[in-house]
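Colleague: Below, each chain spelled out in residue letters.
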Amino acid sequence: MDFYGVELSSRLLLGTARYPSPKILEAAIRASRAEIVTVSLRREGGEQRAGQAFWSFIRELGVRILPNTAGCHSVKEAVSTAHMARELFGTTWIKLEVIGEADTLQPDVFGLVEAARILAEDGFDIFPYTTEDLVVAERLLEAGCRVLMPWGAPIGSARGLNNLFGLRAMRAHFPDVPLVIDAGLGLPSHAAAAMELGYDAVLLNTAVAEAGDPVRMAEAFALAVEAGRMAHAASPMEPRDMAAPSTPVVGKAQLT
Amino acid sequence: MRILLNGTEHRLEANRLDQALEALGYKGAIVATAVNGRFVPTAQRATTPLADGDHLEVLAPMQGG
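Order-wise, the sequence lines are chains A and B. 108 is the number that full-length UniProt numbering gives to position 108 of the first sequence; each next residue is one higher, with no gaps. 56 is the number that full-length UniProt numbering gives to position 56 of the second sequence; each next residue is one higher, with no gaps.
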């Protein structure tokens, strides 16, 4: 799998928020086998150094950083945050979020395309948090995105894949674009389903962080992603409406 | 001079962004800055003037999804 020229073997991207402790976060990242973790930016007071401590901790893990623009509701906010993230984290990668609706945290796809265009022209490698809308996806590619991240369901909802038909159509429509399901996954089976559809990777956070045992859940997701990917590569059989006996009927005894 | 630092008003003597950061306790901190919503790179802090009432945002790394 290739994101902006970077070859990766893990198809699971993990968020770093909401874990019970840094120790559990570290163990969960290891158990998930993620090579990319998402991080964010927040206000820091002059005498606080919480952000510094977190940054040292993350750097020591040796994973690749994908900063986000979470919580941004306008193009200006998202673009400024992306610039601040690039300087702070030393990466051109940005998970671009422009939120349009507070209850569902649905992307503002109009603002997203505009912000993507501005940032792509400025040399950013954009991972846009988007919907499964094919027209928006086309616009994002035109704007310079080379990876797309449609939502599975609203962020933190644990609902899984809300629109299987739409996500399947998106995969079919963009066979060569790296596609990542971002947000809404709650169970390893959701991740497996995304991979069985042919998605390249999944990005999740809350499903692991808020599990009773985040480390075990991280490993469960890693196995599910691997199983789903393997199943996709193995060309699953087509479903049918009627039963078809798996045991051959030829040679069956007549005992009536 | 009044500066709104991360949404809270502070009074300080500073003409430039680098001076304000030092006065506010950020010396040596790994932070990114924006003045009135616009990103100011580290290299430009010493040449960025501040005016009374400016909004200064100082951000640091944190956990995210």
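Honestly, I wouldn't trust all of these hints.
As the list claims (entries may be wrong) - Computed Cβ-Cβ distance ranges for the label pairs, DEER-style:
(1) B:G53 <-> A:R43: 33 to 41 Å
(2) B:A46 <-> A:T91: 21 to 29 Å
(3) A:A50 <-> B:L12: 32 to 40 Å
(4) B:E9 <-> A:D133: 41 to 49 Å
Source of the hints: derived by calculation from the structure; they are not laboratory data. Every residue gets a Cβ at the ideal spot worked out from N, C-alpha and C, and that includes glycine.
Colleague: Indicate, hint by hint, whether the structure satisfies it.
Modeller: Status of the hints after comparison with the structure:
Separated by about 19 Å at the C-beta atoms, G53 of chain B and R43 of chain A break the suggested range of 33 to 41 Å. For A46 of chain B and T91 of chain A, the hinted distance range of 21 to 29 Å is satisfied, since their beta carbons lie about 25 Å from each other. For the pair A50 of chain A and L12 of chain B, the supplied restraint of 32 to 40 Å is violated, since their beta-carbon distance comes to about 23 Å. Separation of E9 of chain B from D133 of chain A is about 43 Å and conforms to the stated range, judged on CB atoms against 41 to 49 Å.
Against the hints set out earlier in the document, violations occur for numbers 1, 3.
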